[in-house]
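There are 2 protein chains.
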Amino acid sequence: MNNLTATSNPLKNSERLLILTPLARFYDEYFDNLLKLNYPRNLIDLGFITPKTHAGNIATLKLQDALRKVQHGPKKSRFNKITILRQDFGTPTGQSEKERHAMNAQKDRRASMARARNSLVFTTLNPTISWVLWLDSDIIETPPSLFQDLAKHNKQVIVPNCFQRYKENGVWKERPYDFNSWQDSETALNLGKTMKDDEILLEGYAEMPTYRALMAYQRDEKADKHVEMLLDGVGGTALLVKASIHRDGAMFPTFPFYHLIETEGFAKMVRRLGHQPYGLPNYLVYHYNE
Amino acid sequence: MNNLTATSNPLKNSERLLILTPLARFYDEYFDNLLKLNYPRNLIDLGFITPKTHAGNIATLKLQDALRKVQHGPKKSRFNKITILRQDFGTPTGQSEKERHAMNAQKDRRASMARARNSLVFTTLNPTISWVLWLDSDIIETPPSLFQDLAKHNKQVIVPNCFQRYKENGVWKERPYDFNSWQDSETALNLGKTMKDDEILLEGYAEMPTYRALMAYQRDEKADKHVEMLLDGVGGTALLVKASIHRDGAMFPTFPFYHLIETEGFAKMVRRLGHQPYGLPNYLVYHYNE
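Line order of the protein sequences matches chains A and B.
Using my numbering, the letters of the first sequence map in sequence onto residues 67 to 356.
Using my numbering, the letters of the second sequence map in sequence onto residues 67 to 356.
Chain A with its partners taken away, still in its complex shape (with noise of 0.2 Å):
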């Protein structure tokens, strides 16, 4: 805020990062991930929100066991700052992988990750912080470099495409496998215009075609890893935000927000702010595969 920086070499202004992690299993890979982030770590606030639910309390113990375990040692080489939320609302689904894709569900289950997001970022940001990272608690592989190598492009919102690894014939493959970073197409807008207020639309549904330009399927694996395009809608697996957009009041919608909601009506927020999120479709982080 006051004289606050955040621009594409954040380690020479000593630019303080937040990354924030909506938590509702605690994944070994990802704290690993984590602790392999090669930004240092006492320029680092660490925020988390767990559900308050079985599950939730053991991911909560788990990642305070794990946290206890790195800070210790001299301040330069621990995090500066940890919060562990929780969620004083319900998780209104399962969780396993069919249950979280199914359409109907979808709606409620965004809009209380939304909500979470937002409690978040509302209670963690402080005046000194230039940049917020979001990872889900789902992310176990990025680049060590991941923070710096987003931040080197400048943007109010950039997110990278995030993959699936897989086994095929015992043979180790990758997949597209977040579908919420996208280019709007006349379809998904004429969709909205018929649509009622309450009514969201989603993606990567049959039943709904928007033929929308995801990014998950303009991976050109030979090319520039550092390739930019423009986005109407981001995933939220992985996403650098400058602070200053959250201070502007750039949100998670829990409700239907030009019939998007949690980080698509983000992404649409951002643009109603007068900024532009870009996405790194040759940029790759994993998600935990189930």
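Treat the hints with caution; some may be incorrect.
Pairs of lysine to aspartate or glutamate, EDC-like flavour, derived with a Cα cap of 16 Å [said to hold, decoys possible]: (1) B/Lys-78 x B/Asp-215; (2) B/Lys-259 x A/Asp-290; (3) B/Lys-288 x B/Glu-234; (4) A/Lys-218 x A/Asp-290; (5) A/Lys-259 x B/Asp-263; (6) A/Lys-173 x A/Glu-265.
Just some of the chain A residues that point at chain B, by a computed CB distance under 10 Å [claimed, not checked]: (7) Leu-77; (8) Ala-90; (9) Thr-149; (10) Arg-183; (11) Ser-185; (12) Thr-190; (13) Asp-314; (14) Phe-318; (15) Phe-323.
Simulated DEER-style distance windows between Cβ atoms [as the list claims (entries may be wrong)]: (16) B/Gln-342 x A/Lys-259: 27 to 37 Å; (17) A/Asn-256 x B/Asp-290: 46 to 56 Å; (18) B/Leu-296 x A/Asn-256: 28 to 38 Å; (19) A/Asn-69 x B/Asp-98: 49 to 59 Å; (20) A/Ala-289 x B/Thr-253: 50 to 60 Å; (21) A/Leu-101 x B/Leu-296: 11 to 21 Å; (22) B/Pro-210 x A/Pro-140: 41 to 51 Å.
The hints are simulated quantities; they were obtained by calculation from the structure and are not laboratory data.
Predicted model only: the values in this text are computed from it and were never measured.
Note that beta-carbon positions come from the ideal geometry of N, C-alpha and C, so glycine has one too.
Once you've looked at the hints, dock chain B against the given chain A.
This is chain B only, laid out in the frame that chain A set:
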């Protein structure tokens, strides 16, 4: 967050209050009134945001000076925490009474005010806070029990009636001042439907009659001070909000949101989040008379 409460009797639960003030000018009367509030200071955080202008520098210095005078002695008699932010964006227009109310300047001015409010709340709301009291820097007289009186109603969002004292022929009188607290009208809603996405409805201009029911005109001097009315728009000169509502995502739109911005857009957002704002037409706070 973590087992926080926000009840009709905040003192009983030692609930923490955050008082937020966008401060363009420093009035002694504002500060004196702030000091007269009789909720325990050690349960109160203060947050201010001042513009980065010459006038803003002066206001900041005066504020710091005034705060220094009260922040000594036993910890129990001091405010728990004080944050002063400097606005890293301009204020669009002059600030004289006449300039402030010119209709075409309103939109920019209120968008800028919304941005200041968002910066404040996103940056100062920490996990211990139960309540947020918005109190403008030109509110110079309130009952000392303002917070407790409003909290007693146990509403998500509640707003008193903002009046102004003035002298006429040597006699002190009072008149309504803030016209942003209202119940919607068919006329205004229909007007909204004919508007472009980026146009806004404003209250208090002859050239755009809305026929909304303004709380400003519904004061009954002889009636109970605690009579409630439902509101669709709220003003922000004094405004009590449960912190959980902000955490759920309620912010002050800087862009037209259902053709409303700033505190009026905030009220619409609160309604989109499923809550009902209330007003107290007979409970008065007083605005500075320029």
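The hints, checked one at a time:
Pair hint B/Lys-78 plus B/Asp-215 holds up; C-alpha atoms about 14 Å apart against a cutoff of 16 Å. At roughly 47 Å between alpha-carbon atoms, B/Lys-259 and A/Asp-290 are farther apart than 16 Å, so this suggested pair is violated. With a C-alpha separation of about 22 Å, the suggested pairing of B/Lys-288 with B/Glu-234 is violated against the 16 Å cut-off. In summary, the hint linking A/Lys-218 to A/Asp-290 is supported, as the alpha carbons are separated by about 14 Å, within the 16 Å threshold.
At most 16 Å may separate the alpha-carbon atoms for a hinted pair to count; A/Lys-259 and B/Asp-263 meet this at roughly 13 Å. Distance restraint check for A/Lys-173 and A/Glu-265: the Cα-Cα separation of roughly 9 Å lies within the 16 Å cut-off, and the hinted pair is therefore satisfied. For A/Leu-77, the shortest C-beta to C-beta distance to chain B is roughly 21 Å, which exceeds 10 Å, and the interface hint is violated. At its closest, the beta carbon of A/Ala-90 sits 17 Å from a beta carbon of chain B; the interface hint therefore is violated under the 10 Å criterion.
Because the closest C-beta pair between A/Thr-149 and chain B is about 6 Å apart, less than 10 Å, the hint holds. Hint status for A/Arg-183: holds, given a least beta-carbon distance of 8 Å to chain B, under 10 Å. Interface restraint check for A/Ser-185: the shortest CB-CB distance to chain B comes to about 4 Å, inside 10 Å, so the restraint holds. At its closest, the beta carbon of A/Thr-190 sits 8 Å from a beta carbon of chain B; the interface hint therefore holds under the 10 Å criterion.
This hint holds: A/Asp-314 has a C-beta 6 Å from the nearest C-beta of chain B, less than the 10 Å allowed. The interface hint given for A/Phe-318 is met, as the beta carbon of that residue sits about 6 Å from the closest beta carbon of chain B, less than 10 Å. The interface hint given for A/Phe-323 holds, since its Cβ lies 8 Å from the closest Cβ of chain B, which is under the 10 Å cut-off. Between B/Gln-342 and A/Lys-259, the C-beta spacing of about 29 Å keeps the proposed range 27 to 37 Å intact.
Checked against the hint of 46 to 56 Å, the pair A/Asn-256 and B/Asp-290 passes, with Cβ atoms roughly 53 Å apart. Checked against the hint of 28 to 38 Å, the pair B/Leu-296 and A/Asn-256 passes, with Cβ atoms roughly 36 Å apart. Between A/Asn-69 and B/Asp-98, the C-beta spacing of about 31 Å breaks the proposed range 49 to 59 Å. At roughly 56 Å, the beta carbons of A/Ala-289 and B/Thr-253 sit within the given window of 50 to 60 Å.
About 52 Å separates the C-beta atoms of A/Leu-101 and B/Leu-296, a value inconsistent with the hinted range of 11 to 21 Å. Against the hinted window of 41 to 51 Å, the Cβ-Cβ separation of B/Pro-210 and A/Pro-140 comes to about 49 Å, which satisfies the hint.
Hints 2, 3, 7, 8, 19 and 21 from the list above are not met by this structure, while the remaining hints are.
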